[in-house]
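There are 2 protein chains.
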Amino acid sequence: MLYEITVPQFIKMLHNLDACLDKAKAFSEAKKCDPEVLLGSRLAPDQFALMRQLQIACDTAKLCAARLTGKEAQAPVHEDNEKTLADAKARIGKVIAYLKTFSATDFAGAESRRISQARWEGKHLSGSEYTLQHALPNFYFHLTTAYAILRHNGVELGKKDYLGPMPFQS
Amino acid sequence: MLYEITVPQFIKMLHNLDACLDKAKAFSEAKKCDPEVLLGSRLAPDQFALMRQLQIACDTAKLCAARLTGKEAQAPVHEDNEKTLADAKARIGKVIAYLKTFSATDFAGAESRRISQARWEGKHLSGSEYTLQHALPNFYFHLTTAYAILRHNGVELGKKDYLGPMPFQS
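These protein sequence lines map, in sequence, to chains P and D.
Position in the first sequence counted from 1, then plus 676, gives you the numbering used here.
Position in the second sequence counted from 1, then plus 676, gives you the numbering used here.
Note that these hints are calculated values from the structure, not bench results.
It cannot be assumed that every hint is accurate.
Which copy is meant is left open, so a pair is good if it fits within one copy or across any two.
Calculated pairs, SDA-like style, for lysine to any residue (alpha carbon to alpha carbon, straight line, at most 25 angstroms) [unchecked claim]:
(1) K776 x H810
(2) K765 x A794
(3) K836 x S717
(4) K835 x R790
(5) K699 x L839
(6) K770 x G840
(7) K799 x P684
Since this is a predicted model, take the numbers as computed values, not measurements.
The task is simple: from the sequences and hints, build the whole structure.
And the structure:
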C-alpha cells in the first residue's frame, strides 16, 4: 500500500515541478533577469530559498522510498551543490530516475518497518507513521513553498501546474 | 485503506493549522495590528488571501471524506462567510468535528467509487485517484500556502508547527 501512495505520486509531482521551472525560465527570459535570482528568492528572511526547497523536496521523495524499502545505504547521494536552473532540473531528473527503479514488491513489510534518522536521536516511527505524518506532508510542503516563491515573484502558475493532469474518465 | 491516509491526518493537520492561527493572534496583539489584516493577506495579487486558503483546506478535507463514503449530499454546508480569526477557528473546529464522525468501515469500497464534481463536466476519477492525485495534494497545498502567508508577514512559525507532534517510539 505504501508504494501506491508515495512513488507514483512523487514522480508525477516532480514532473510538475520541473514544468514549473520551465515556466520560471521563460519568465526570466521575458523579464531579462537571471533565473538564479528566482532560485535565491524566499518569502521570509529566515526561510530557505527556492533552490533549497527543491533540494529538500527531492530528498524527501528519495529518502522516503529508500527508507521504506530498507535501501537507505544504497541511495544516491546528492551534494546540494546545484547553482543554475539547469542544475535544479537535472537534480529533479535524477530523483525521478531513482524513484522509477522501485516497484510495489520492494515495499513488502514497509508499513511496520522501523524508520529513523540521525536527528531523531534514536527514536523511530513505523513506516506508515513516517509516510503519512512526515514524508508526505513534508514533500507537499516544499513543493508548495517552491510554487509560492515563484508565484510571489510573478511567474504565471496556476493550480493545474501544481497538480498536473488528472486521469479523468468519461 | 483510504480512511487511514485521509481522515486521521486531516484532523491532525487542521489542529496544527488552528494552533498556527493562535500564533497569528499573539503576533497581531504584539504588533498592535488587526488579525484580520493577516486573514486578508496574500502572496500575489491574483492569489486567494489567507481566509480563503483556510476555507478551501477545510472544504477539501470535508468533501474528501464525504465523497469517498457516498455522503456528499449529507455533508454540512459552510457559507464561506467567516470574517474574524475566531470565525476561522470555529470553521476549522466544525470540520474537525465532522471528520470525527467517520470510521474506517464507512470507507468500504471507496477505492473504486466514482468521484466527480460539477466542474469536471461529467468526468470522474476513482476514489483512489481522487484521493492521491487531487484531495491530498490540494489539502497540503492550501495548508502550506496559509503557513507561507503567515511566515511572509513575520509570524514566527517553524516546520514543527506545520507537521505537529510525531508519535515517536524509543
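For which of the previously enumerated hints does the structure constitute a violation, in increasing order of number? 2
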